[in-house]
Amino acid sequence: MKTLIIVTHPEIEKSVINKRWIEELEKHPEKYTVHQLYKAYPDGKINVSKEQKLMESYDKIVFQFPFYWFSSPPLLKQWLDEVILYGWAYGSNSGYKLAGKKMSLAVTAGIDEEGYSAAGEYKYTMKELFRPYELTFDYIKAQYEEPFVYYGIERNPSEEWIEKSVPMYLEFLNNL
1 MKTLIIVTHP EIEKSVINKR WIEELEKHPE KYTVHQLYKA YPDGKINVSK EQKLMESYDK
61 IVFQFPFYWF SSPPLLKQWL DEVILYGWAY GSNSGYKLAG KKMSLAVTAG IDEEGYSAAG
121 EYKYTMKELF RPYELTFDYI KAQYEEPFVY YGIERNPSEE WIEKSVPMYL EFLNNL
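Using the UniProt record's numbering, read the sequence shown as starting at 1 and increasing by one per residue.
Worth flagging that the hints you see were computed from the coordinates, not collected in a lab.
Owing to the predicted nature of the structure, the values given are computational and were not obtained by experimental measurement.
Check each hint, because a few of them may be wrong.
Below are the DSS-like pairs computed for lysine-lysine, each with C-alpha atoms no more than 27 Å apart in a straight line [to be verified]:
no., residue 1, residue 2
1, K164, K27
2, K97, K123
3, K2, K53
4, K50, K60
5, K53, K97
6, K14, K45
7, K101, K19
8, K27, K39
9, K102, K77
10, K31, K164
11, K50, K127
12, K77, K127
Label pairs and their computed distance ranges (CB to CB) [said to hold, decoys possible]:
no., residue 1, residue 2, range
13, E159, E114, 19 to 25 Å
14, E159, K45, 32 to 38 Å
15, E114, K27, 29 to 35 Å
16, D112, E82, 32 to 38 Å
17, P29, K123, 38 to 44 Å
Glycine included, C-beta positions come from ideal geometry on N, C-alpha and C.
Starting from the given sequences, assemble the full structure and let the hints guide the process.
Pasting the structure below:
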């Protein structure tokens, strides 16, 4: 079964890692479907039924994005608010359309992993910062899988650093 990768990056052409990951994923159309929200909805008007049908047709869904202000880019929050609806994804009469689906995050973070710790620059771990996603996926009865986080791009944007991430990301996806 293919994996749906929902990419949310407002300036993908300026990206270094997310753009590189997309290039790699698109080499394997038999394994991955890449769905870029900012390209699909440049005006921010989300086709809810289309998005719901898309999600229903995959058993593994990964949300790929750069970490912005300790969260996702704004279109992903909007997408979650508009697509993961009562009566479809949760609620007594919903049928929990996403129940049992494996869901995870693939996130790029600017600073090194040590910065995301109690003693670090940002005081919290990524696991703590990702709790709203974990709770959301649990609430809709999806199976939350540990996320993939690639740290340090802000401090080391070299081609070698970027390329190092590619096989790690593919391995994460293949192990979902």
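We went through each hint and held it up to the structure:
no., hint, result
1, K164 with K27, "17 Å, holds"
2, K97 with K123, "36 Å, violated"
3, K2 with K53, "15 Å, holds"
4, K50 with K60, "17 Å, holds"
5, K53 with K97, "10 Å, holds"
6, K14 with K45, "23 Å, holds"
7, K101 with K19, "26 Å, holds"
8, K27 with K39, "19 Å, holds"
9, K102 with K77, "19 Å, holds"
10, K31 with K164, "21 Å, holds"
11, K50 with K127, "31 Å, violated"
12, K77 with K127, "18 Å, holds"
13, E159 with E114: 19 to 25 Å, "24 Å, holds"
14, E159 with K45: 32 to 38 Å, "37 Å, holds"
15, E114 with K27: 29 to 35 Å, "33 Å, holds"
16, D112 with E82: 32 to 38 Å, "35 Å, holds"
17, P29 with K123: 38 to 44 Å, "41 Å, holds"
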